[in-house]
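Novice: Spelled out, the chains give:
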Amino acid sequence: MTTPDMIMYEDEYQRIKTIIARLRTESNAKLVFLVDKNGQQIAAHGELENFDATSLASLTAGNVAATDGLAKLIGEKEFSILFHEGERDNIHISIVAQRVILVVIFDSRSSLGLVRLRVKKASFELTEVFEKIVKKISSEKEAGTLDDSPFAEITDEDIDSLFSE
Amino acid sequence: MTFINYASREINCKIVYYGPGLGGKTTNLQYVYDKTAPNAKGKMISLATETDRTLFFDFLPLELGSVRGFKTRFHLYTVPGQVFYDASRKLILKGVDGIIFVADSQSERMDANIESVSNLEQNLKLQGYDLMKIPYALQLNKRDLPNVLSVEDMKKELVRKGEPVLEAVASTGIGVFDTLKAVAKQVLIELKKG
Chain A
3 MTTPDMIMYE
13 DEYQRIKTII
23 ARLRTESNAK
33 LVFLVDKNGQ
43 QIAAHGELEN
53 FDATSLASLT
63 AGNVAATDGL
73 AKLIGEKEFS
83 ILFHEGERDN
93 IHISIVAQRV
103 ILVVIFDSRS
113 SLGLVRLRVK
123 KASFELTEVF
133 EKIVKKISSE
143 KEAGTLDDSP
153 FAEITDEDID
163 SLFSE
Chain B
40 MTFINYASRE
50 INCKIVYYGP
60 GLGGKTTNLQ
70 YVYDKTAPNA
80 KGKMISLATE
90 TDRTLFFDFL
100 PLELGSVRGF
110 KTRFHLYTVP
120 GQVFYDASRK
130 LILKGVDGII
140 FVADSQSERM
150 DANIESVSNL
160 EQNLKLQGYD
170 LMKIPYALQL
180 NKRDLPNVLS
190 VEDMKKELVR
200 KGEPVLEAVA
210 STGIGVFDTL
220 KAVAKQVLIE
230 LKKG
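As you go down the protein sequences, you meet chains A and B in turn.
Residue 158 in the numbering used here sits at position 156 of the first sequence, with consecutive numbering throughout.
Residue 51 in the numbering used here sits at position 12 of the second sequence, with consecutive numbering throughout.
Below 20 Å or equal to it, Euclidean Cα-Cα: the simulated SDA-like pairs (lysine to any residue) are: (1) B/Lys82 with A/Phe53; (2) A/Lys79 with B/Leu165; (3) A/Lys134 with A/Ile9; (4) A/Lys143 with A/Val131; (5) A/Lys39 with B/Leu86; (6) A/Lys74 with B/Lys164; (7) B/Lys80 with A/Phe165; (8) B/Lys82 with A/Glu51; (9) B/Lys74 with B/Asp217; (10) B/Lys232 with A/Thr157; (11) B/Lys231 with A/Ile156; (12) A/Lys79 with A/Ala99; (13) B/Lys232 with A/Ala154; (14) B/Lys133 with B/Tyr168; (15) B/Lys133 with A/Leu61; (16) A/Lys79 with B/Gln166; (17) A/Lys19 with A/Thr129; (18) B/Lys133 with A/Ala68; (19) B/Lys231 with A/Glu144; (20) B/Lys172 with B/Lys231; (21) B/Lys129 with A/Thr69; (22) B/Lys200 with B/Met149; (23) B/Lys220 with B/Val106; (24) B/Lys231 with A/Glu155; (25) B/Lys224 with A/Ala154; (26) B/Lys232 with A/Ser140; (27) A/Lys138 with B/Ile43; (28) B/Lys74 with B/Ile213; (29) B/Lys224 with A/Glu155; (30) B/Lys224 with A/Thr157.
Chain B is nowhere near these chain A residues, computed Cβ spacing over 10 Å in every case: (31) Arg24; (32) His47; (33) Glu78; (34) His86; (35) Glu87; (36) Asn92; (37) Ile93; (38) Ile97; (39) Gln100; (40) Arg111.
Derived by calculation from the structure, the hints in this document are not laboratory data.
None of the values given here were measured: they were computed from a predicted structure.
Positions of the beta carbon are idealized from the N, C-alpha and C atoms, including for glycine.
Could you build the full structure based on these sequences and the hints that come with them?
Specialist: As structure tokens, then:
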């Protein structure tokens, strides 16, 4: 438990950003973002200024967790896609690689069919990236290089200074 | 589960306020929200019933500043305290990095405190965590009320592992930040261990 389960590296982060940027363009969406199942935002692309991304991330994760709970109650493994339809905007939520949540917000310039189609392709690519990250973390663990994280050198003073005011 | 993003140089940690219903978990969060500079906090979200009881969770993102060039963010969550919301509580514990137990000091709420601590232990176990190992602090809230138990009596029943115990009056803010610091520090020390 002391080792973080999720680490994002520069290469993979750039790759993820490229994938979601393309998904946004190809699906004509307003905003595309990726959240982990605990509600931490991983990456986002689109009209960020119009949305509170942190709140969106935490509520999305809560929503997915609650829906997951519902699925288990009726004997399903998961509901892998959630769709919320509004008067103007719609939200399409899907699970990628069993651990991250891909959210697409779109309006009438796009359609559910188009979003589903593009999400499918992007999910496939994102799954590859996350598999790579998992491999990277476990190989670093084996090699013992994970301990070289910058936090190994955090001092008590560093921690205190965070709470100085 | 701390999330370290090397690309954007951020660390995100999740802290959950746990405890019996009407114990002051949301009040703790509300005070932190009220007293934090606007640039260091996001929106506080409360998923509550019409009577202001927490239905699913409250959420408050906090930015503490930088450690070694990494922006440190804490995401604070509360659980619904009422017994019958147990399914929701389990969900919120997912990926938790640190826990603050908010106990109600009134003598008639002691049974509820005890029940809630063991519920916490059980639910943590279900998520694969161990209360003995996770960053944890015990807050004895509502110390200003007339019918409170002594600190010693409460500790005897509620302390699990020599965790920091802090007295508080969340409604006026006494002890609120001290409790948060006590847990946040432990979380960062865990990070240091790697």
